[in-house]
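Visitor: Chains as they are written, first to last, in the numbering used here: chain G, 1 to 280; chain Y, 281 to 555; chain L, 556 to 902.
Mixed in with the good hints, there may be bad ones.
[As the list claims (entries may be wrong)] Here's a subset of chain L near chain Y, in silico, CB distances under 10 Å, partners left out: (1) G605; (2) L606; (3) E607; (4) S611; (5) H625; (6) L678; (7) Q680.
[Claimed, not checked] Just some of the chain G residues that point at chain L, by a computed CB distance under 7 Å: (8) E179; (9) L182; (10) G188; (11) Q190; (12) D248.
[Claimed, not checked] Taking CB as the label site, the calculated pair distances span: (13) L/P658 - Y/L303: 35 to 45 Å; (14) L/I559 - Y/E443: 42 to 52 Å; (15) G/Q14 - L/H767: 51 to 61 Å; (16) G/L37 - Y/N542: 44 to 54 Å; (17) G/L269 - L/H625: 32 to 42 Å.
In short, the hints are calculated from the structure, not lab data. Quick caveat, the model's predicted, so the values are computed rather than measured. For each residue, glycine too, the CB sits at the ideal point set by N, CA and C.
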Amino acid sequence: MNAATQTLIKNSLQEPVWIRWSLIAIALGFILMFLCLPLWIVITEAFAKGWAAYITALGQPDAVAALRLTLLTALITVPLNTILGVCAAWAITRFEFTGKSLLTTLIDLPFSVSPVISGLIFVLVFGAQGWFGHWLSEHDIKIIFAVPGIVLATLFITFPFVARELIPLMQEMGSEEEEAALSLGANGWQMFVQITLPNIKWALLYGVLLCNARAMGEFGAVSVVSGHIRSMTNTLPLHVEVSYNEYDFVGAFASASILAGLAIVTLVLKSVLEWRQGKH
Amino acid sequence: MRKSYIMPGFKPTLGFTLVYLCLIVLIPLSTLFFKSMELSAEDFFNIITHKRVVASFRVSFTTALVAASIASIFGFIIAWTFVRYSFPGKRLLDALIDLPFALPTAVAGIVLATIYQPNGLIGQWLMQGFGVQVAYKPLGIVVALIFISLPFVVRTVEPVLQEFDSSMEEAAASLGASRLQVFVKIIFPNIFPALLTGFALAFARGIGEYGSVIFIAGNLPYVSEIVPLMIVTRLEQYDIPGATAIALTMLLISFVMLLVINLLQLWVRKRSGQL
Amino acid sequence: MSIILTNISKNFGKFAALNHINLEIPEGELVALLGPSGCGKTTLLRIIAGLEQADSGRVVLNGEDKTEQHVSHRGIGFVFQHYALFRHMTVFDNIAFGLRVKPKKHRPGEADITQKVHALLELVQLDWLHDRFPDQLSGGQRQRIALARALAVEPDVLLLDEPFGALDASVRKDLRQWLRNLHHELNVTSIFVTHDQEEAMEVASQVVVLNHGRIEQQGAPSDIYDHPANAFVSRFIGQTNVFSGDDQDTIWLQSSGLPINDKPGKTAHVRPHDIDVEKASDEASAHAVLKDWQHLGALIRIELVKNAADADNATVYAEMPNEQFKRLQLNRGDKVSLRIRNAHWFH
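The following block holds chain G by itself, in its conformation from the complex:
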């Protein structure tokens, strides 16, 4: 092959330098404008009136109560959906049964439902005009406009996260190691704890992480079922909204900075987990 053909081939394998740099510039510009700038604005707005105002805003009883409710919601929903995710992935990847692909589709269903609708359906079940509304008010049980409603809506929204991380992994992994454990005399629990769990732990953590981020950050669904009762049924994202609508910008952005911090921590851990998963 002579030099001229070589250059020709090289030219058809790589873009000209000016195109390369323009593309990089476009990509970077877009990322800066849409991703970096918002993060920066959260910080500057939160500290617009200085440290003291920031601390005061976060120390408000409403903000503290909102943070507490957010943590409580995550504390209930994440473990439940983790157990669900593991069970669903186990049943789907280790057994053959009719309706399996339907089940797999249904597990992903909450992803394609608008958050507002996710909240609405629980109002329809438990609200004053809902299926159980009458019975619930007779027995003085509050679900809608109360913590249980928030938890239920969050459960719905974060339902698929763990399962959808585990299913492809466990499918690909196959069950040979588990069969080996059984053939060596292990019982089901020993097999699961000593063989399955170590093999899926990074994907499991990954799913838990995403599930948690969504559970703490969900706005639309929770907004519908919460009733916005201050210090009672406001989660942190709802507190952000309330403060913003009341023109308490420092308060809104101070709470937002907590949530943005959560997002950053999530992204960092996510990168770490992806790196670990890549390694194994």
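Chain G is already provided as a structure; the job is to place chains Y and L on it using the hints.
Guide: For chains Y and L alone, kept in the frame of chain G given last:
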């Protein structure tokens, strides 16, 4: 029939999954249908053909469509530069792409509203320089939805680009194709199904999006009012049948669109020999 | 421990993977389940192990009906095709696994476990690898660790699924010998699955040939080679020349010295080494023309074309020792006379 009859735990895990799925997802979702059935067909029809509701559907679908398209173009460029080129800070920026997934939508909403309002950082510049107002206009909804859509596109296109067999490019080059021809005839057809998936995911998400939109949209009836907001408004007026009818319509429309897009994708894949 | 399988059948959907299999394996044998891919051999092995359930039939190990027994209680050791070593455990922990998961009252103490694992590692000659992870081992090493792991629970039966399938050719040769010797030492009834007839012949004391979910023949390697039960076995084991029993072929075979009285079947199978080749003394005695030859190490394989008026162009293969071939001083295109000493006839 079970694939692996020696594996333990079939009944408890499947049983738990099914019960949980029914309690948390299926039964609550089914209320949409049952509550709507309490309405007469005429009432249902009247609710969803109300001028303001129709307008909100138009706003939601057009803004989601435009945003998903723009996000597809830029998402493709971003995925391309991340996979093909190297530049400092790439890994950090790559991790940042998922920010819209991780950042609570309410936070995104107030931040974008702050940036694009007429006296905001970018809003000011656009207003004074070009006379364009973003926030409190449909354009604001588009901006918010682009933010939400971006990771869907990048994260579906990126792995496909990564696994793209570059020996195909070399083969094409050795047969005398120019770079543009290689891109148009070899690379793009192979990436297109993934791009379409990313677009579909972004679009579906965009239609239902609420938190990041309402702060920047201005929520003007007939102009910048989205469907999810219509539902919330009806709910706040205790018009539950109205909210239910609109919600069911929206759910059905988005399912149909997802189905259509899936079929389209199947067709594209078949045509390009990937199935 | 003896193994008796009666009437084992297994279907996957409409596909009959195993069709009424009856098999008896006496204690202490090293048995090869041999057959082409898709013949059901792995399924049969997994049914014996209890990893798969047969649709019908019984599995009896040492006189005890184990058909309903779970794999973890069958007393078998299973070596998986891709070894299925536990990736997150060291070699030591892998081998110790079976001992550590025993119920408390049967579980040996940690010191006993250590001792036993090291003994097993020495048995497979890999003691120096005890703290490595599976990813850090070569294929052959993984294979031997998988074997040691299966042996740790002192199984009554050792089952190996394509034990050499994923290995390089040179490693495979060494491991075959090693497995034979190990079996000699331990004398535990063992069954391995293979699609490689050479491997089965070299390693096993008994070979079971399977095809389309049925047993075609069972016997010692030499039996199967010398007395194939049917055309499939004859073709599958070793090289063979197949002649149709039509008149032309029959006449040609007869003229080449094969005694045929009252044709015993439709096709004649002739092993290449059952054909003697000599330079033809004259045109009339020439049975074939020498087309080409290849060195197979100690043997020479000769390609012949039948020298008959309207013969098909099918190649006939003959084999002879290197030395003998040199002595004959044959060249391409030479006319040769043949003597066919033996043939197997099948319907």
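Visitor: Hints the structure violates: just list their numbers, smallest first.
Guide: The structure conflicts with hints 4, 6, 7, 10, 12 and 16, although it agrees with all the remaining ones.
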